[in-house]
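Chain order of the listed sequences is F and W. Residue 108 in our numbering sits at position 44 of the first sequence, and the numbers go up by one each step. Residue 179 in our numbering sits at position 64 of the second sequence, and the numbers go up by one each step.
Some hints here could point you the wrong way.
Derived EDC-like pairs (lysine to aspartate or glutamate); straight-line CA-CA distance at most 16 Å [unchecked claim]:
| no. | chain 1 | residue 1 | chain 2 | residue 2 |
| --- | --- | --- | --- | --- |
| 1 | W | K147 | F | D78 |
| 2 | W | K266 | W | D142 |
| 3 | W | K286 | W | D157 |
| 4 | W | K268 | F | E83 |
Some, not all, of what chain F presents toward chain W, calculated at C-beta under 7 Å [as the list claims (entries may be wrong)]:
| no. | residue |
| --- | --- |
| 5 | Y93 |
| 6 | F106 |
| 7 | H113 |
| 8 | R118 |
| 9 | S119 |
| 10 | N120 |
| 11 | V129 |
| 12 | L132 |
| 13 | P135 |
| 14 | E138 |
The hints are simulated quantities; they were obtained by calculation from the structure and are not laboratory data. Every value quoted in this text rests on a predicted model; they were computed, and no experiment measured them. All C-beta atoms in this analysis are idealised placements derived from N, C-alpha and C, irrespective of residue type, glycine included.
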Amino acid sequence: MEYTFLLRRLFWSDQRRDELVKRRHHILYSLAGLIAVLNVAFWFFGGMHLGWTRSNETRMEIDPVTTLEYPIIEKRFTPGIDFLVLGMMTSGFFSVVGYFLRPKQVSK
Amino acid sequence: MIMKKFLPLIVSLLLANAVLAAPITFDFKDPKGVNNAVFKLDAILESINGTATGISGLVQFDPEAPGAFTGKIIVAANSLNVPNSMMKDHLLSEKWIDAAKYPEISFVMEKLSNVKTSGNDTTADVTGTITIKGVKKTITAPVKISYLKDKLKARLPQLDGDLLVIRANFKVKRSDFNINPGQFEEKVSDEIDISLSIAGQAPKAK
Numbered sequence: 065m066e067y068t069f070l071l072r073r074l075f076w077s078d079q080r081r082d083e084l085v086k087r088r089h090h091i092l093y094s095l096a097g098l099i100a101v102l103n104v105a106f107w108f109f110g111g112m113h114l115g116w117t118r119s120n121e122t123r124m125e126i127d128p129v130t131t132l133e134y135p136i137i138e139k140r141f142t143p144g145i146d147f148l149v150l151g152m153m154t155s156g157f158f159s160v161v162g163y164f165l166r167p168k169q170v171s172k
Numbered sequence: 116m117i118m119k120k121f122l123p124l125i126v127s128l129l130l131a132n133a134v135l136a137a138p139i140t141f142d143f144k145d146p147k148g149v150n151n152a153v154f155k156l157d158a159i160l161e162s163i164n165g166t167a168t169g170i171s172g173l174v175q176f177d178p179e180a181p182g183a184f185t186g187k188i189i190v191a192a193n194s195l196n197v198p199n200s201m202m203k204d205h206l207l208s209e210k211w212i213d214a215a216k217y218p219e220i221s222f223v224m225e226k227l228s229n230v231k232t233s234g235n236d237t238t239a240d241v242t243g244t245i246t247i248k249g250v251k252k253t254i255t256a257p258v259k260i261s262y263l264k265d266k267l268k269a270r271l272p273q274l275d276g277d278l279l280v281i282r283a284n285f286k287v288k289r290s291d292f293n294i295n296p297g298q299f300e301e302k303v304s305d306e307i308d309i310s311l312s313i314a315g316q317a318p319k320a321k
């Protein structure tokens with residue numbers, strides 16, 4: 065009786081562990097995909113800026129009296145290529161971790 | 116006898132002329148915040164554009180003799196701005212501009228040459244001493260000076276007076292001013308293109 069119970073428990077435990085591994089694998093892959101999609105979308109709608117990320121934007125205006133062109137500095141975050149690369153690297157990191165923590169294939 | 120009679124008159128006329136022809140002092144501390152210097156560094160891998168707005172200084176200009184032009188323009192080093200905040204921190208750091216130790220970038224204008232005046236505008240080559248990071252260097256650069264008589268009221272309604280607009284473009288090398296010489300030249304160009312666009316005011320005493 066005790067022996068069967070232990071076996072059952074062990075069996076359940078293996079099944080449970082496999083489920084957890086599967087779920088963890090799934091979460092990591094989903095997270096990697098989500099980060100990649102959000103990162104590209106944020107960069108794309110942020111103006112597809114190919115330079116460094118900007119924390120402020122400068123626009124030039126003309127003073128009507130002196131006709132001098134002068135800068136107006138506005139605080140605005142513009143994601144650059146570094147932002148895109150960093151986001152893709154984060155996504156790649158989660159993918160790699162997900163790959164190594166994938167459920168083991170049981171050979172038939 | 117006649118000479119004695121007219122001597123006081125001649126002297127007073129000469130004095131009056133001297134007073135009228137005296138150069139006007141223009142203050143370049145701009146309450147409107149328009150005065151600026153734009154700097155560009157175009158390296159192989161990277162192009163950096165920035166601005167500086169903390170400008171002050173005094174310039175003496177005589178509308179009757181535009182060639183008599185002297186003065187000093189000061190740019191507050193900590194007013195240098197680039198679009199990326201981390202890049203700005205690097206720029207102001209000890210390795211680059213060292214704004215804490217050298218808070219001022221100055222240009223002392225000593226003389227004008229090749230002076231050409233047309234209406235209110237004078238173009239010339241200005242020779243002066245530029246000081247960056249404590250290093251002085253004499254440069255000559257093309258300058259356009261526009262004298263706007265009685266235009267101060269249009270900018271500052273409470274004041275009567277004149278405006279003097281100066282536009283100058285010149286190039287300097289950061290290696291000449293000990294700004295991280297020979298380092299990161301593929302990303303931060305050695306040559307710095309500077310455009311100065313400033314207006315000074317000379318209020319008239321009421």
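Give me the numbers of the hints this structure contradicts, sorted from smallest to largest. As far as the earlier hints go, 1, 4, 5, 6, 7 and 14 are violated by this structure, in ascending order.
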